[in-house]
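S.K.: Sequence:
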Amino acid sequence: MVWKNAFIYTLRQDPADAEVISHKLMMRAGMIQKLAAGIYDYLPLGLRVIRKIEGIIRQEMARCGAVELLMPVVVPAELWQESGRWEYYGPELLRLSDRKDAAFCLGPTHEEVVVDVARKSVRSYRDLPLCLFQIQTKFRDEIRPRFGLMRGREFIMKDAYSFHVNDQSLDEMYWAMHAAYTAIFKRCGLDFRPVEADSGTIGGSVTHEFHVLASSGEDTIVSCDACDYAANIEKAQADILVQSPAAPPAGAPAPQEVATPGLKSIEEVSSFLKIAPAQTIKMLVYSVNHGSSMVGVCIRGDRAVNEAKLRGLLGADSIAVPDENELRAKHGMPIGFIGPVNLDKTKYKLNSIIADFSVASLTDVVCGANKEDAHLLHVFPGRDLMPDRYADVGFVAEGDRCPRCHGGTLKQFRGIEVGQVFKLGTKYSGPMGMTVLNEQGNAQVVTMGCYGIGVGRTAAAAIEQNHDADGIIWPAAIAPFAVAILCLDPGNEEARTLSLHLHNELEKLNIDALLDDRDERPGVKFKDADLIGFPCRVTVGSRGLKEGCVEIKMRKSKEVLKAPKENALERIVAALA
RNA sequence: CGGGGUGUAGCGCAGUCUGGUAGCGCACCUGCCUUGGGCGCAGGUUGUCGCAGGUUCGAAUCCUGUCACCCCGACCA
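To convert, note that position 549 of the first sequence is 1053 in the numbering used here; the numbers rise steadily by one, no gaps.
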């Protein structure tokens, strides 16, 4: 490819609306261009990266026995009504209608469609296992798209779906996909971790997310410093020694009310009483399934409630913290002063009280007194608390002990979720009636897995991990071009001929080369090459040619070597290996 | 959806408070010059000042409405 034909326009300054480094660099390097919020043009250079990643994915999918197909982006509502998701998916699903007023949506994910594809043909257990995948544009009307390709509304996703006659077969495919994802992200040159993840409203299922470690990541992941335990913080557990409180020691003082006028927060109360926040219990009220019931949750004062865990524990579709004024007005709750001691559930219309494990080991602590402007001292959970149950509903904290090896400590990292593998079970095949005849000749609902990779997000994550002050440093496997040949003097016959020759020979060897033949000053070409991040740069200029040499420079190591022009080609090939 | 902010040339911005000929840097075009890290000189092109109303002799500027985009939060396969 010759620069003049390549449609590459770089920017000297960061675009004003870009926040994270990958977004800035992709815009500046002329890889993407914004069309609307969360909707981008993939320019030729950016598309080449996408295609490279897709190529790696295709190879690894083939290795798992997955076969590629392509399903429509526009999906009739009936399919979504069949699975039930038309009702509860919410505004993230972009709905539209055609000229006949028939309802459609833009597919944000394709479980319904793929079940429909498979059920039309698959009749027998002999056809299973089956794994279908596609690489396709998805649309999710995100509340807040941001960070360029990292959280777009329109984005390219590889989504695979597998069908099985039993759990063992599903399990095999699940781990084959897990291994494939590991291979894919490794080949893309990423530093990543597979982590256990929350399965959302689908209780009991197994799922792993693949996170690229990066400070700009939107997720927090937790991993053990001694073993291989790693989990999304939504799911992560700590090694909890005490799950129910002991009786208080003999002579423990009785609870005592203390005036705490206007002091509602844990910080205010603990600093006023000169105690650590960990010596308090805080209590929160959650509305479950849009107000159909309410629960009280108490947790150690310095900890936060993990709403994903709470939702899972309750088996709820949604939970939310109700409006404070509403709780005061409708339920008479002294917000800021409620506590788990002598709590009148009926009065406050609370269906149940849950205590996090973090309060079980506490003794002699402070909590709200259930009346305005007062707290209680000398609370002993083993004596004073009567929750309906103790459970794990808190976030783990940095330094908690590992639940797997019991010896290591948990550390937190930021991660970019680039992929997820999921055991779906019969969530879609059941309602949509996808059955096969089993060995006994009986109709049996198939069990499914699904496996996604954000292709554009993977590209963005690669930049987050591989850049410097000058620009992108592409991992070789996903670089738009492996080599940039800079012809510094297009006016010089020898330089022009030699650079073109090298370019042509590299292409013959199936090595992607970009020839910068522009009539620009050398500095411009160097800056652009660094910004775009070609792994290898070959400089052909009159200065080197006087010594009969070209210069080969590696972007990542900054290593420079001069090669005699006669064997420049083999030196370049060797440098890339 | 709540809070905050921004819309002026392809990009980055000033001008808006205090109404009076539309500006700067980069990019782009022409010529000269230069050629190993975003050269220099000279000349030039590019705008419904987001959109719609209103006030005014006169609106980028004041008022009303509206749209888009960005940030924080809530939310999120």
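Quick caveat, the hints were computed from the structure, so don't treat them as lab data.
Among the clues, some could well be false.
For lysine-lysine, the following BS3-like pairs were computed, each having C-alpha atoms within a straight-line distance of at most 27 Å [stated by the list, open to error]:
{"#": "1", "residue 1": "Lys-813", "residue 2": "Lys-853"}
{"#": "2", "residue 1": "Lys-1069", "residue 2": "Lys-1050"}
{"#": "3", "residue 1": "Lys-813", "residue 2": "Lys-915"}
{"#": "4", "residue 1": "Lys-538", "residue 2": "Lys-604"}
{"#": "5", "residue 1": "Lys-528", "residue 2": "Lys-1012"}
{"#": "6", "residue 1": "Lys-813", "residue 2": "Lys-849"}
{"#": "7", "residue 1": "Lys-1060", "residue 2": "Lys-508"}
{"#": "8", "residue 1": "Lys-739", "residue 2": "Lys-778"}
{"#": "9", "residue 1": "Lys-931", "residue 2": "Lys-915"}
{"#": "10", "residue 1": "Lys-624", "residue 2": "Lys-834"}
{"#": "11", "residue 1": "Lys-1031", "residue 2": "Lys-1050"}
Restraint-style ranges between C-beta atoms, simulated for each label pair [to be verified]:
{"#": "12", "residue 1": "Val-506", "residue 2": "Asp-974", "range": "15 to 25 Å"}
{"#": "13", "residue 1": "Gln-944", "residue 2": "Glu-722", "range": "27 to 37 Å"}
{"#": "14", "residue 1": "Arg-1025", "residue 2": "Ala-730", "range": "19 to 29 Å"}
{"#": "15", "residue 1": "Asp-806", "residue 2": "Gln-517", "range": "42 to 52 Å"}
{"#": "16", "residue 1": "Lys-1060", "residue 2": "Pro-1026", "range": "13 to 23 Å"}
{"#": "17", "residue 1": "Gln-747", "residue 2": "Gln-944", "range": "53 to 63 Å"}
{"#": "18", "residue 1": "Ala-687", "residue 2": "Ala-1078", "range": "42 to 52 Å"}
{"#": "19", "residue 1": "Arg-1025", "residue 2": "Pro-1068", "range": "22 to 32 Å"}
{"#": "20", "residue 1": "Leu-573", "residue 2": "Gly-836", "range": "57 to 67 Å"}
Backbone N, C-alpha and C define an ideal beta-carbon position, used for all residues, glycine too.
S.K.: Look at each hint and say if it fits the structure.
M.R.: Verification of the hints:
1. For the given pair, Lys-813 sits about 22 Å from Lys-853 by alpha-carbon distance, which is consistent with the 27 Å threshold.
2. Straight-line distance between C-alpha atoms of Lys-1069 and Lys-1050 comes to about 11 Å, which keeps the hinted pair within the 27 Å bound.
3. With a C-alpha separation of about 19 Å, the suggested pairing of Lys-813 with Lys-915 holds against the 27 Å cut-off.
4. Taking the CA atoms of Lys-538 and Lys-604, the gap is near 32 Å; set against the 27 Å cutoff, the hint is violated.
5. Our distance criterion of 27 Å between C-alpha atoms is broken by Lys-528 and Lys-1012, whose separation comes to about 34 Å.
6. For the hint pairing Lys-813 with Lys-849, the CA-to-CA distance comes to about 22 Å; that is within 27 Å, so the pair holds.
7. Distance restraint check for Lys-1060 and Lys-508: the Cα-Cα separation of roughly 26 Å lies within the 27 Å cut-off, and the hinted pair is therefore satisfied.
8. Restraint check: the Cα-Cα separation between Lys-739 and Lys-778 comes to about 33 Å, which exceeds 27 Å; the hinted pair is violated.
9. Taking the CA atoms of Lys-931 and Lys-915, the gap is near 34 Å; set against the 27 Å cutoff, the hint is violated.
10. Our distance criterion of 27 Å between C-alpha atoms is broken by Lys-624 and Lys-834, whose separation comes to about 53 Å.
11. A threshold of 27 Å between alpha carbons decides the hint, and for Lys-1031 with Lys-1050 the separation of about 24 Å falls inside it, so the pair holds.
12. For Val-506 and Asp-974, the Cβ-Cβ distance of about 23 Å falls inside the hinted range of 15 to 25 Å, so the restraint holds.
13. Checked against the hint of 27 to 37 Å, the pair Gln-944 and Glu-722 fails, with Cβ atoms roughly 48 Å apart.
14. Checking the proposed 19 to 29 Å range against Arg-1025 and Ala-730 shows it is violated: the Cβ atoms sit about 55 Å from each other.
15. Evaluation of the 42 to 52 Å hint for Asp-806 and Gln-517 yields a pass: the beta carbon distance comes to about 44 Å.
16. Range check, Lys-1060 to Pro-1026: about 21 Å between beta-carbon atoms, so the 13 to 23 Å window is met.
17. Between Gln-747 and Gln-944, the C-beta spacing of about 44 Å breaks the proposed range 53 to 63 Å.
18. A beta carbon spacing of about 26 Å between Ala-687 and Ala-1078 contradicts the range 42 to 52 Å that was offered as a hint.
19. A C-beta distance of roughly 26 Å is found between Arg-1025 and Pro-1068, which places it inside the suggested range of 22 to 32 Å.
20. About 59 Å separates the C-beta atoms of Leu-573 and Gly-836, a value consistent with the hinted range of 57 to 67 Å.
Checked against the numbered hints given earlier, this structure breaks hints 4, 5, 8, 9, 10, 13, 14, 17 and 18; the rest are met.
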